[in-house]
Amino acid sequence: MVPPGLRGVLPVVLACLALAAGQRLFGGQEFFVYVASLVGVNVVLAVSLNVVNGMTGQFSIGHAGFMAVGAYAAGRLSLPLGDVAVSGLPVAASDQLLFAVSLLAGGVAAAACGFVVGLPSLRLKGDYLAIVTLGFGEIVRVIIQNTPALGGALGLSGIPQRGSLFAVWLCAFLAVLVARRIAESSHGRSLTAIREDEVAAEAMGVNTTAYKVRAFVVSAFFAGVAGGLFAHFVPIINPGSFTFVKSMEVVVMVVAGGLGSTTGSILAAVVLTLLPEALRSGFNRFAGEGAGAVVDQVRMPVYGLLLVVLMLARPQGLFGTRELWDRRKGQGARP
Amino acid sequence: MSGVGSAGSERPAELLLECQGLHVAYGAIQAVRGVSLSVRKGEVVALIGRNGAGKTSLLRAVSGMLRPADGRITLEGKDITGMPSHLLVARGMAHAPEGRGIFPNLTVEENLGLGAWLRTDADGVAADEAWVLSLFPRLKERWAAAAGTLSGGEQQMLAISRALMSRPRLLLLDEPSLGLAPQVIQLIFRILADVNGKGVSILLVEQNAHLALNLAGHAYVLETGEVAMEGAGKALLQSEDVRRAYLGE
Ligand SMILES: Nc1ncnc2c1ncn2[C@@H]1O[C@H](COP(=O)(O)OP(=O)(O)OP(=O)(O)O)[C@@H](O)[C@H]1O
Ligand SMILES: [Mg+2]
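Chains as they are written, first to last, in the numbering used here: chain A, -12 to 322; chain B, 1212 to 1460.
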């Protein structure tokens, strides 16, 4: 048995070893790294949105806004640090340290926005959160578009490309770990109670506002980290990457995977990222260069259709509220 | 307001809950207008009245689900007016709301667990769980079932049990007999007497005046948001006005 003090650390160590091996094996293949990183970022986004929309039963549709805040905060911070090295460290280590600091800054900036947006809207019951998060996402985008220091509509380029498969998937792993910890703690039980019946949860002694805000802030933090990761492996970030369409993409992942199931969010994020990429490559190869663009055009209508079909055929999503690691049997996907 | 049978009605001395001049309003609608009442330690106090008299509104204000427009509420002498529900649970108040308010998609077990959400004494929680299951053995048979699939009577048993799981000193019940078969109602009232015997004070809202007044040491009659009568439960049962208006005689 693992000593109790190490129980939380051991999985992280194992994951690091596995990821380092993956990095060695695949690190050279550019396209593979790009797609796998994209998948990882979307896993972080879906898993974190699931904490709010799935576990807590609130409805946020502005996740791309938090991602944008994280991307621009981390990217803007890294920009002048491209040639800076922390003295006394090897270059690679110094790079990764600065990268980690930028990511953290992106996460914290997004979490702070989450707090400011969440506190007033989560105090109220009902659909206020959806409306406010929708507005927030758009406001962030417009502000970025009109801020020269952030590159405006053209975007921000020249951010040092410090991202790696290792970093992306380590963050994805940590996001899953945190989500799982939340779900299995008394915090998670209070979120379930809130999702089921907010008034009754309050009557059980749950400080519903505080728990909702906390869940929302954690969720925004990871969306910010996802944005920071994204900013460090794409050549340029611009407001077009963080539109309402991106928010909806993440919502579709969470709903398809099963509101409340972290496993479902992961799986849906993987499939719904790979599928369009595969289709795009397929079209490009067999229907001529440029034909793949059609995939991007039909993507949103297809997602919309997918949502409708899902709601009709399997409203609880792929996994319901179950997890792969559930010990209880035959539960979870309750009506 | 008229007192009935005040001579010789011996209420316990120690105050648990007191409302003074309580007003509750929904916009322009005045649901409760200047109600003063008290629950003494160890008592069952009944609150009866017609549909729309303001009983539920009063209970919601007491348990912090609504903020009263005016007036003062104290629990054991401390002002709790406008305090949110979750803090009142920590102070020993539990509310089984009208329509039961159980978590329909969670199991019986999970519902009971959430009732003890604030407690950290695992042994005490286990003991109380055993206790409520001995009160309502039916719940043990439905242990792993989603609460929404329980019958109305079973749901009411669950609502009361879940409220008891926080080990309250004051239990607020809103129409526990609503929609239940006479035998189930009898059972629930017998158990409420048991629970009260264990030292839990109860503020009971009921349409079923006969049962409520039989159980209650003290009772209030609410009419259009005001206390119309108060007195010992048994004394109100004898009162002409009450018999005519609430017991259909
Ligand atoms: N949410 C609300 N908004 C507006 N008016 C309300 C609301 N809830 C209750 N009322 C009104 O306040 C008055 C008192 O309602 P309340 O629910 O307290 O009555 P009650 O005594 O519990 O009735 P019942 O025996 O039918 O449960 C009624 O006139 C009702 O219409
Ligand atoms: Mg009522």
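Some hints here could point you the wrong way.
Chain B regions said to be covered by chain A (calculated; three or more residues, Cβ under 8 Å) [claimed, not checked]:
hint, segment
1, 1279 to 1287
2, 1300 to 1313
3, 1323 to 1330
FRET-style restraints, in silico, Cβ to Cβ [claimed, not checked]:
hint, chain 1, residue 1, chain 2, residue 2, range
4, B, 1298, A, 107, 52 to 58 Å
5, B, 1301, A, 106, 19 to 25 Å
6, A, 313, B, 1394, 52 to 58 Å
7, A, 132, B, 1301, 46 to 52 Å
8, A, 111, B, 1421, 54 to 60 Å
9, B, 1437, A, 129, 51 to 57 Å
10, A, 312, B, 1421, 49 to 55 Å
11, A, 312, B, 1237, 43 to 49 Å
12, B, 1397, A, 106, 54 to 60 Å
13, A, 287, B, 1389, 44 to 50 Å
Because the hints were derived from the structure by calculation, they are not lab data.
Bear in mind the structure is a predicted one, so any value in this text is a computation, not a measurement.
Beta carbons: idealized from backbone N, C-alpha and C, even for Gly.
**Prompt:** Is the distance from the Cβ of residue 313 of chain A to the Cβ of residue 1394 of chain B consistent with 52 to 58 Å?
**Reply:** Check failed, 39 Å falls outside 52 to 58 Å.
**Asked** Between residue 312 of chain A and residue 1421 of chain B, does the C-beta distance stay in 49 to 55 Å?
**Response** This hint holds: roughly 54 Å between Cβ atoms.
**Request:** Could you check the hint for me, namely that residue 287 of chain A and residue 1389 of chain B are 44 to 50 Å apart, CB to CB?
**Result:** 48 Å Cβ-Cβ, so the 44 to 50 Å window holds.
**Message:** The hint says 54 to 60 Å between residue 111 of chain A and residue 1421 of chain B; measuring C-beta to C-beta, is that right?
**Reply:** violated, 42 Å
**Prompt:** Against chain A, does the segment 1279 to 1287 of chain B show at least 3 residues with beta-carbon separation below 8 Å?
**Reply:** Result for this restraint: violated, n = 0.
**Request:** Given the range 43 to 49 Å, decide if the beta-carbon distance of residue 312 of chain A to residue 1237 of chain B lies inside it.
**Result:** holds, 47 Å
**Prompt:** Range hint 46 to 52 Å: satisfied by the CB atoms of residue 132 of chain A and residue 1301 of chain B?
**Reply:** holds, 48 Å
**Asked** Residue count check for the segment 1300 to 1313 of chain B against chain A: does it reach three with CB-CB under 8 Å?
**Response** Since 7 is at least three, the answer is holds.
**Request:** Would you check chain A against the segment 1323 to 1330 of chain B, counting CB to CB pairs closer than 8 Å, and say if three or more residues qualify?
**Result:** Since three or more residues must qualify, the claim that chain A covers the segment 1323 to 1330 of chain B holds, with 5 doing so at under 8 Å.
**Asked** Quick one: are residue 1301 of chain B and residue 106 of chain A within 19 to 25 Å, going by C-beta?
**Response** holds, 22 Å
**Prompt:** Using the C-beta atoms of residue 1437 of chain B and residue 129 of chain A, is the stated range 51 to 57 Å upheld?
**Reply:** holds, 55 Å
**Prompt:** Okay, residue 1298 of chain B versus residue 107 of chain A on CB: inside 52 to 58 Å?
**Reply:** Once the Cβ atoms are compared, 21 Å apart, the range 52 to 58 Å for residue 107 of chain A and residue 1298 of chain B is violated.
Figure legend: structure checked against the earlier numbered hints; hints not met, in rising order: 1, 4, 6, 8, 12.
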